[in-house]
Structure formats: C-alpha cells, structure tokens
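Protein chains in written order, with our numbering: chain Y, 1 to 203; chain C, 1 to 203.
FYI, nobody ran anything at the bench for these hints, they're computed from the structure.
Wrong hints could be hidden among the right ones.
Just so you know, same-sequence chains aren't split out, so a pair can sit in one copy or run between any two.
[As the list claims (entries may be wrong)] Below are the PhoX-like pairs computed for lysine-lysine, each with C-alpha atoms no more than 25 Å apart in a straight line:
| no. | residue 1 | residue 2 |
| --- | --- | --- |
| 1 | Lys74 | Lys18 |
| 2 | Lys198 | Lys74 |
| 3 | Lys150 | Lys197 |
| 4 | Lys146 | Lys74 |
| 5 | Lys151 | Lys28 |
Number of protein chains: 2
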Amino acid sequence: MPNNQPSNIVFHPHSVDKSSRSRLKDQKPCILWFTGLSGSGKSTIANAVESMLWERGKHTYLLDGDNIRTGLNKGLGFSDEDRVENLRRIGEVAKLFVDAGTIVLTAFISPFRSERQRVRDLVEEGEFIEVFVDTPLEVCESRDPKGLYKKARAGEIPDFTGIDSPYEAPESPEIHILNDRLPIEEAAAQVVDYLEKKGYLNA
Amino acid sequence: MPNNQPSNIVFHPHSVDKSSRSRLKDQKPCILWFTGLSGSGKSTIANAVESMLWERGKHTYLLDGDNIRTGLNKGLGFSDEDRVENLRRIGEVAKLFVDAGTIVLTAFISPFRSERQRVRDLVEEGEFIEVFVDTPLEVCESRDPKGLYKKARAGEIPDFTGIDSPYEAPESPEIHILNDRLPIEEAAAQVVDYLEKKGYLNA
Chain Y
1 MPNNQPSNIV FHPHSVDKSS RSRLKDQKPC ILWFTGLSGS GKSTIANAVE
51 SMLWERGKHT YLLDGDNIRT GLNKGLGFSD EDRVENLRRI GEVAKLFVDA
101 GTIVLTAFIS PFRSERQRVR DLVEEGEFIE VFVDTPLEVC ESRDPKGLYK
151 KARAGEIPDF TGIDSPYEAP ESPEIHILND RLPIEEAAAQ VVDYLEKKGY
201 LNA
Chain C
1 MPNNQPSNIV FHPHSVDKSS RSRLKDQKPC ILWFTGLSGS GKSTIANAVE
51 SMLWERGKHT YLLDGDNIRT GLNKGLGFSD EDRVENLRRI GEVAKLFVDA
101 GTIVLTAFIS PFRSERQRVR DLVEEGEFIE VFVDTPLEVC ESRDPKGLYK
151 KARAGEIPDF TGIDSPYEAP ESPEIHILND RLPIEEAAAQ VVDYLEKKGY
201 LNA
C-alpha cells in the first residue's frame with residue numbers, strides 16, 4: 001500500500017529555553033552590571049573578568065559603548081530622554097543574553113539609581129548583580145584616559161557625571177570594588193569569587 | 001623588606017573576542033534569518049532547528065516576536081518608519097549574538113529585500129544565512145493560526161503582507177524550504193544539513 005503520509009514516528013521538538021541553554025553552558029546566567037564614574041575602571045575590570053571566566057570555559061558577553069553606541073543605539077544622543085532609552089535598550093538586550101544562558105557583563109556609567117533599578121526589575125531575582133566600581137573622583141580625573149574630564153572642566157561636555165551631573169552611588173551593590181590602587185587581577189578576582197561562591201559557575 | 005607593591009607576576013588578560021567565544025562553543029556563529037509569509041511556518045521550523053542543534057550541543061538563540069516586540073521593540077508601531085527601525089534593531093542584536101559566538105535564529109516576516117540586505121551587510125561574509133520558508137499564500141491563509149488573515153481580509157489589519165502589502169521573495173536565499181506539506185523535521189533537517197556541510201557546526 002503506498003504511503004504518502006509523513007512517517008508515524010512523530011518528531012517532538014524539545015523546546016529550547018533558558019534552563020536548557022544554561023545546562024548546556026553549565027552556568028547560571030546573569031547580568032554583571034558594572035557602574036561607576038568615567039575612568040573608574042569598569043571596562044578594564046569587566047574585560048579581566050571575562051578573560052578569567054573564559055579560561056574556566058564559561059560563556060560570556062560584554063556590552064559596552066564600543067559595541068552599543070555604534071550599532072543598536074546609533075542615533076541616540078545625550079538628552080535625558082535618549083539616555084533613558086539608551087539604558088533601557090541595553091537592559092533589554094542584556095535580558096535576551098540571560099535568556100540565552102549567557103553571563104553578560106555591561107560597562108556603562110549608569111549614574112542614576114532609578115535606571116539601574118529598572119534593569120534589575122527586568123530580570124529574575126538573582127540575575128542582576130550590581131558591581132560598583134568605586135574609584136574616587138580625583139583618581140578618575142587624574143587618570144582621565146580619554147581626556148573627557150579635561151573637556152568637561154573646560155565646559156566642552158555638559159552634564160558630565162561627577163562634574164556637573166550627579167553620580168548616585170549604589171546603596172547595596174552585590175559587589176563593591178574599592179578600586180583605588182587595587183591591581184586589576186584582584187578586582188576581577190573579587191567578581192569571579194562572588195560568582196563562584198553564589199553558585200553561578202555551575203548549572 | 002616589606003613589599004606593598006602588587007605581585008611581579010603580571011596579569012595579562014586575554015582579550016575575549018568572537019574567535020575565542022566561537023572556539024569555546026565549537027561552532028561558527030551565524031544568523032539563520034527565516035523569512036516568509038505569516039503562517040508559513042518560520043517559527044515552527046526555527047524552533048525545530050534550535051532543538052536539533054541543542055541535541056548536538058550547539059549554542060543557539062531565537063529572536064522572534066515573542067521576545068522582541070514586548071521588550072526591546074516595545075513602543076514601536078507598524079508605520080513604515082517603525083517597521084524599518086524594528087528590523088534594524090533586530091539586525092543589530094543578531095550581530096551582537098554572532099559576536100558572542102552564537103548561532104542566532106530569527107523568525108520575522110521581513111517582507112522587503114532591502115531590509116534583509118541591510119542586515120546581511122551588517123555582518124561578515126558567510127554570517128548571514130537567508131532561509132526562505134516558501135509556503136503558498138493559500139496554504140498560509142487556510143492555516144491562519146492566529147486568525148490574522150481573516151482580520152486582514154475584513155480590513156481590520158491594514159498593510160498585511162500577502163493581502164494588501166507585497167512580500168518580496170528572496171532571489172537567491174542560502175536555503176529555500178518548499179514548505180507545502182513538508183514534515184517539520186524534514187524542513188528543519190534541511191537547515192541543519194546546510195550548517196553541517198558548510199562547516200558551521202565546528203569551530
């Protein structure tokens with residue numbers, strides 16, 4: 001008897017979700033949200049953390065100005081409205097990466113508590129880890145790696161965080177890095193140790 | 001002699017990039033861009049592909065209306081301008097996932113060639129794989145899983161692709177799925193076979 005029907009062996013696709021993606025990666029996904037003044041060392045420490053995690057076979061991604069401002073958030077300026085939208089999109093993308101099972105690191109000044117809280121509220125309990133890179137303004141300004149403080153002091157950059165716009169320090173960050181004179185590897189190790197102790201480095 | 005200096009063992013963080021993330025995942029990252037009419041089976045096939053890849057230990061993520069429209073693209077409507085911005089952001093996010101080493105699947109009607117070309121242009125040669133889910137309009141309309149065709153025919157949804165707005169079929173898609181009566185597993189296998197033959201499933 002000819003059989004033009006599909007095979008009786010029914011294909012049941014397993015729905016791939018956050019849980020199955022996390023098991024495949026043997027880790028618990030989360031957002032490591034680095035916040036701190038310009039020049040505080042957010043990106044440097046985040047890069048070092050990513051490097052340490054890669055060495056341990058962990059799956060990470062780093063969102064920062066380099067890959068966000070020129071792509072997804074191209075066209076957004078520095079008005080209050082655009083700044084809010086800028087961080088909103090970053091939060092939403094970080095959430096997608098968490099859903100994909102990734103440990104996602106973000107390095108943005110993100111000076112306002114309300115903005116950071118909004119991202120925290122997007123994800124589940126324990127998935128938002130606030131990392132306060134606490135470097136005194138004088139130290140940041142003396143480093144001034146991109147010459148931005150100099151420009152801000154000269155009035156060339158309005159609303160510059162720490163100069164003429166406030167930085168609202170986290171009140172109870174999950175990780176508090178006192179980053180004055182701390183070697184990068186120690187700062188990064190502080191983050192990795194936290195992940196280790198809290199069980200993020202296994203599924 | 002007391003030593004308050006950091007250790008002489010210098011920490012050289014390896015810069016984690018697309019290449020190192022891909023090696024960790026043992027795959028070549030790419031965008032599987034599913035395009036086709038509403039009801040053509042894009043999401044169903046994409047889900048089945050993701051399931052098959054997960055079984056093989058491959059790292060994937062699926063972007064579709066469910067996780068994009070309510071999050072990153074919340075606030076965008078259906079004007080021409082908003083539709084363009086909708087796909088632009090999806091393309092930029094897909095690019096970030098590729099940079100993270102992921103095989104990212106997207107399931108959006110994306111009816112215009114120019115829009116799809118714009119995403120293709122965002123990434124490197126070979127990273128954009130257009131998957132044309134080619135299902136006759138009559139079949140899509142008879143399935144009408146969300147009742148959208150019925151509403152469109154009743155004039156309740158303006159500019160509905162296939163009814164009163166054009167669908168520009170891909171001219172040379174990397175993968176062409178003739179999805180009339182094809183069992184899901186065969187459609188999905190067609191995609192996985194392509195990835196296998198072209199070497200995407202190993203780093």
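Within, between, both or neither: lysine 151, lysine 28 at alpha-carbon 25 Å: neither (41 Å within a copy, 43 Å between copies)
Classify it for me, lysine 150 with lysine 197: is the Cα-Cα distance of at most 25 Å met within a copy, between copies, both or neither? neither (41 Å within a copy, 55 Å between copies)
Go through the copies and call it for lysine 146 and lysine 74: within, between, both or neither, with a Cα cutoff of 25 Å. Classified as within; 20 Å inside a copy, 34 Å across copies.
Between copies, within a copy, both or neither: which fits lysine 198 and lysine 74 at Cα up to 25 Å? Result: close neither inside a copy nor across copies, 36 Å intra and 33 Å inter.
Between copies, within a copy, both or neither: which fits lysine 74 and lysine 18 at Cα up to 25 Å? Between copies only: 21 Å across, 29 Å inside.
In this structure, the earlier hints numbered 2, 3, 5 are contradicted, and the remaining ones agree with it.
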